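Enquirer: Residues per chain, in single letters:
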Amino acid sequence: MSGTAAGVDARLPIRSDLDLVWVRQHVRQAAAAVGFGLVEQTKLVTAASELARNTLVYGGGGEVTTERVSDGRAAHGLRLTFTDRGPGIPDLEKALSDGYTSGDGLGLGLGGARRLVHEFAIDSTPGSGTTVTVTSWATRPPRPREELR
Amino acid sequence: MNHELPRAAAAPVPVLRLGDVLLITLQGDLHDGTAEQLQRDIAESIVRSRVTGVVIDISGVEIIDSYLGRVLAEIAAGSRLLAARTVVAGMRPAVAITLVELGLTLPGLRTALSTEAALELLAEPADRPHREPR
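These protein sequences, in sequence, are chains X and R. Sequential numbering from 1073 applies to the first sequence in this note's numbering. Sequential numbering from 7 applies to the second sequence in this note's numbering.
Calculated from the structure, these hints are not laboratory results. Values in this document were obtained by computation on a predicted structure and should not be read as measured data. Even for Gly, the Cβ is constructed at its ideal location relative to N, Cα and C. Honestly, I wouldn't trust all of these hints.
As the list claims (entries may be wrong) - Computed Cβ-Cβ distance ranges for the label pairs, DEER-style:
#1 X:GLY1107 to R:LEU88: 40 to 48 angstroms
#2 X:GLY1199 to R:GLU80: 50 to 58 angstroms
#3 X:ALA1146 to R:LEU87: 49 to 57 angstroms
What the hints assert, rightly or not - With the Cβ distance kept under 7 angstroms, some of the chain X side facing chain R (calculated, not the full set):
#4 ARG1096
#5 LEU1110
#6 VAL1117
#7 SER1121
#8 GLU1122
Chain R extracted, bound-state conformation (with noise of 0.2 angstroms):
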């Protein structure tokens, strides 16, 4: 466990960019200061960039509470209104079990079980028709 969280969750998560995709990957505790500008960050990089896909990497995550919930939703929903798709990857099996309990499921979020699989959900076209549970 990171013992040096406070300094560590007040400096701001880089926002590295990989082809037509950018990756975030989001370690030990955040701030709540940190997430909101993530939120812009990405946003602004999105049309800076001209990408068209964000993963986030959130296996080093440890928990998610409502509000990271809300803002990784945010994340995604500000994501498509800027051409963009988000895919949340790597969520700990904890995380999960928890989110559910919570009351948090998230249904608009993409998730794949890791940063590989992410990309690869991003390389297959936008416009496929989205397959709806039965």
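Only chain X is shown next, with the shape it has when bound in the complex (with noise of 0.2 angstroms):
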């Protein structure tokens, strides 16, 4: 299965910094046909791109898969999962945290992308690779506001 233009759930293969690019734009069509506003379009987007950088940077390419996910109620949102076959991570505590970095990035992708998110969840297993499954609500659910760093 690949993307569509129109098709919002999809498996797209993240191999090179130009597969990027289209994961980045599907990712925004796909928002965008669920309903999400321009600002959770873009946070969903930017995690998007920060979460398929990891793929290809640290577990050396894999693919991610885009689906419409409800509530069973009125409440519709997107859910990516990123999967790589890579070295995996370690220590999930240390990598969540900004700052922490094992390439030459800022350290701010998985730590960064959680926080522009409704749900992030991660399974890693070192030596046999890394999973990351983020949803967002095109209708935010309330939460308490973080403080601002």
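Assemble the dimeric complex from its two separately framed chains, guided by the hints.
Expert: In structure tokens:
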């Protein structure tokens, strides 16, 4: 299965920095199709860009699947699942903290992406890969405002 | 939305000279390689054209992630070493909101709301003492 311009559900490869452009473009279109406002679209596309880059740089490439989700009532959202078969992350707590990087980045990737989405889950096994799943809702559930750093 | 992004994204970004200033207009979605090439092109153009300012118009940029943010900060830092000042102009509100939440506030980057305002900023004397926020 591959992405279409109009579709929301898709599976896209992350093998090169050109693929990052495709991922951003697809997530933007999918978020708009699900009904996200401009700011929430921008946050989700930015999170997708950070996570896809992690998949490429640290995971050695992989893929992302995008799917429309529903809470069974009125809320609709978009779930993105990034999967790689790379070396995995030995210390998740550390990897999620700002400033931590095993590469030459700013270390904002994981922690930054987590702040930009409503739900964030990470599953990593050293030696066999990492899966990051994020979900945002077009109608945002109430949540306490985090302190601005 | 531009549906021919990959082709457009792979093309180099034009660097225009406007008097003492280089003007760069970023559009759409930037390929990583394009951003790095732009960084080199700007540094070389500053030296070749002896300009004292660089304006980067990002009003057509829909997202800035930590990679592109870092490239912009590095362009500004590199220009400073080459005796030129950089102003990033026209950031979209949604991009600014997202950058703050991402944790990327780019404190070293000078910004203006439009290219016109950026050119006015660069026309001010460079040695004016910087006002620190209180």
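Enquirer: Run every hint past the structure and note whether it holds.
Expert: Against the structure, the hints:
1. Restraint check, GLY1107 (chain X) to LEU88 (chain R): a C-beta distance of roughly 47 angstroms satisfies the suggested window 40 to 48 angstroms.
2. For the hinted restraint 50 to 58 angstroms between GLY1199 (chain X) and GLU80 (chain R), the CB-CB distance of approximately 34 angstroms leaves it violated.
3. Distance hint check: the CB atoms of ALA1146 (chain X) and LEU87 (chain R) are about 55 angstroms apart, consistent with the given range 49 to 57 angstroms.
4. Given hint, ARG1096 (chain X) at the interface with chain R, holds; its Cβ is 6 angstroms from that chain's nearest Cβ, closer than 7 angstroms.
5. With a cut of 7 angstroms, the hint placing LEU1110 (chain X) at the interface with chain R holds, because the nearest CB-to-CB distance is about 5 angstroms.
6. Hint status for VAL1117 (chain X): holds, given a least beta-carbon distance of 5 angstroms to chain R, under 7 angstroms.
7. The interface hint given for SER1121 (chain X) is met, as the beta carbon of that residue sits about 4 angstroms from the closest beta carbon of chain R, less than 7 angstroms.
8. Among the interface hints, the one on GLU1122 (chain X) holds; its C-beta lies about 6 angstroms from the nearest C-beta in chain R, closer than the 7 angstroms criterion.
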